[in-house]
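Build out the structure end to end from the sequences listed, making use of the hints.
Using the working numbering, you'd call the opening residue of the sequence shown number 1 and step up by one each time.
Honestly, the hints are just simulated from the structure, not real lab data. Heads up, the beta-carbon is just placed ideally off N, CA and C, and yes, glycines get one too. Treat the hints with caution; some may be incorrect.
Restraint ranges, calculated between C-beta atoms of paired labels, are given here [unchecked claim]:
1. Ala442 / Thr203: 48 to 56 Å
2. Asp286 / Ile444: 40 to 48 Å
3. Gly224 / Thr253: 20 to 28 Å
4. Ile172 / Lys272: 24 to 32 Å
5. His244 / Glu137: 29 to 37 Å
6. Thr203 / Asn113: 22 to 30 Å
7. Gly191 / Ile450: 50 to 58 Å
Listed below are the simulated DSS-like cross-link pairs for lysine-lysine, each with C-alpha atoms no more than 30 Å apart in a straight line [stated by the list, open to error]:
8. Lys41 / Lys418
9. Lys188 / Lys204
10. Lys133 / Lys63
11. Lys272 / Lys289
12. Lys30 / Lys41
13. Lys386 / Lys63
14. Lys30 / Lys63
15. Lys139 / Lys208
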Amino acid sequence: MNVPDLLNMAEVMIDPIWALQVPANFAHKKQVLPFTQIDGKILVACLAGNNGLLLRSLERSLKSPIQLEIADAKSLKLAIDEVYGKAQRATAKNLETQPANRAGNDEVINLCNRILDGGILRRASDIHIDPDKESTEIKFRVAGELELFEEISTTKHLSMVSRIKVLANMDIAERREPQDGNIHYVFKGTGVPYDIRVATIPTKNGEKMTLRILGLGAENLTLGNIGMSAAHLETFGSNIAQPHGLILITGPTGSGKSTSFYAALREIAHDKSKTILTIEDPVEFDLPKIIQVQVDSEKVTFAKALRSTLRHDPDVIMIGEIRDRETAEIAVTAAMTGHLVLSTLHTNSAASAVARLLNMGVEPYLLSSTLRLSIAQRLVKRLCEKCAKPYPISREQAQQLNCPELEGTNAFRATGCKYCSNRGYKGRIAIFEMLPIDASIAAIIRPGVIEEDILNIMRTNRTQLLREDGIDKIKLGMVQIEEIIRITSI
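Printed below as a string of structure tokens:
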């Protein structure tokens, strides 16, 4: 008989909508984990030999047809521990005998914990709590897109918001003014702490609340897995190894700029002889052996913090963002006087970063002698390698990419499977455009230089642009054509 491959839960994207509906003690006792829904059935990972009684018990609890998926025992145990934590295995009882949550405060606490655990488990960057007339929607932003997690009644909204305000040290009596707060939350499954930034704003239907989860993905912060090609890795690696100079990463909010620099800082930190200091708003990842300064827009600005930082003799400085002329001038001066300075800038391309700094008032001779590398970056959804299907590229698609030679060659599209929670995608990957500042670029850095001037030199030097890096990733089956067209057309 053919024995089907066991499901490796380490490769499965677990959907908290279903996983958190099963009590922890039952999951530990029976070694079961609902992890997604496909074609109206909830897929439940379990061990071989589970009987029909378990199936019927789960169907009654989840109120939906069940499909059992036989999983590798070790990976299933680790996944259950991650979702529910390691406690209470010995006291597990049958699903039908689980006590209901007590009314009142316990119900609110459980609801808030479920939302926070669900957001972390789903690897959401943000949790949106959006009140309407008849209900409140809880949404997660995952890989740049919003998805519904849960819908609750308006009667629970006020108590839920009050509970989160208490956790975030906010004023629960103030409902007419926007507020900001912070939660230090330990995810029960792994014991990993997360900082969660909380913001409220009053609306006609109640307070809207947005929670930004900081620190997710810190375990993957290495240069090797953020999406750089071998050529880009060599260019980036050689520049961050320099003793001084300015390196910029440009792109819109949410394009992964800070993540790339965090990966760079971890690489630089291997050199124990260097002091690394960051100036951020907010500090998104807690990096060991690195001094991190939190900017307060009212008391400690980027410029003020940077000026003070220079008195502490750092070798490497990361500035979260260059926002104004003062910060730009201090950053360039620091790069000139023997520091390696890393920073981000809000522009659309690597070439436009040069023009932006000149427009801010940075002297051309200083910029041409300090700027080492300008990078543009975007994030695109990464295809699930388990279910991506090949198909021939059409003439229209090839023309949209401005690469007619691609017509008829293979690309890949999302289909959806049990490994990616039927979404067709697993996480995101970055595409890059890198502009090393060589003699030909430095020679034209002057007042009035425009992006097109620099782009002409990049084309002459055959520098790979954002779309071209995206096309390489299309060929490798990493991303879908539509993603690259959408991202690089902006």
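So, going through the hints one by one against the coordinates:
no., hint, result
1, Ala442 / Thr203: 48 to 56 Å, "holds (51 Å)"
2, Asp286 / Ile444: 40 to 48 Å, "holds (41 Å)"
3, Gly224 / Thr253: 20 to 28 Å, "holds (25 Å)"
4, Ile172 / Lys272: 24 to 32 Å, "violated (47 Å)"
5, His244 / Glu137: 29 to 37 Å, "violated (50 Å)"
6, Thr203 / Asn113: 22 to 30 Å, "holds (25 Å)"
7, Gly191 / Ile450: 50 to 58 Å, "holds (52 Å)"
8, Lys41 / Lys418, "holds (11 Å)"
9, Lys188 / Lys204, "violated (35 Å)"
10, Lys133 / Lys63, "holds (27 Å)"
11, Lys272 / Lys289, "holds (9 Å)"
12, Lys30 / Lys41, "holds (20 Å)"
13, Lys386 / Lys63, "holds (29 Å)"
14, Lys30 / Lys63, "holds (19 Å)"
15, Lys139 / Lys208, "holds (12 Å)"
Checked against the numbered hints given earlier, the structure breaks hints 4, 5, 9 and satisfies all the rest.
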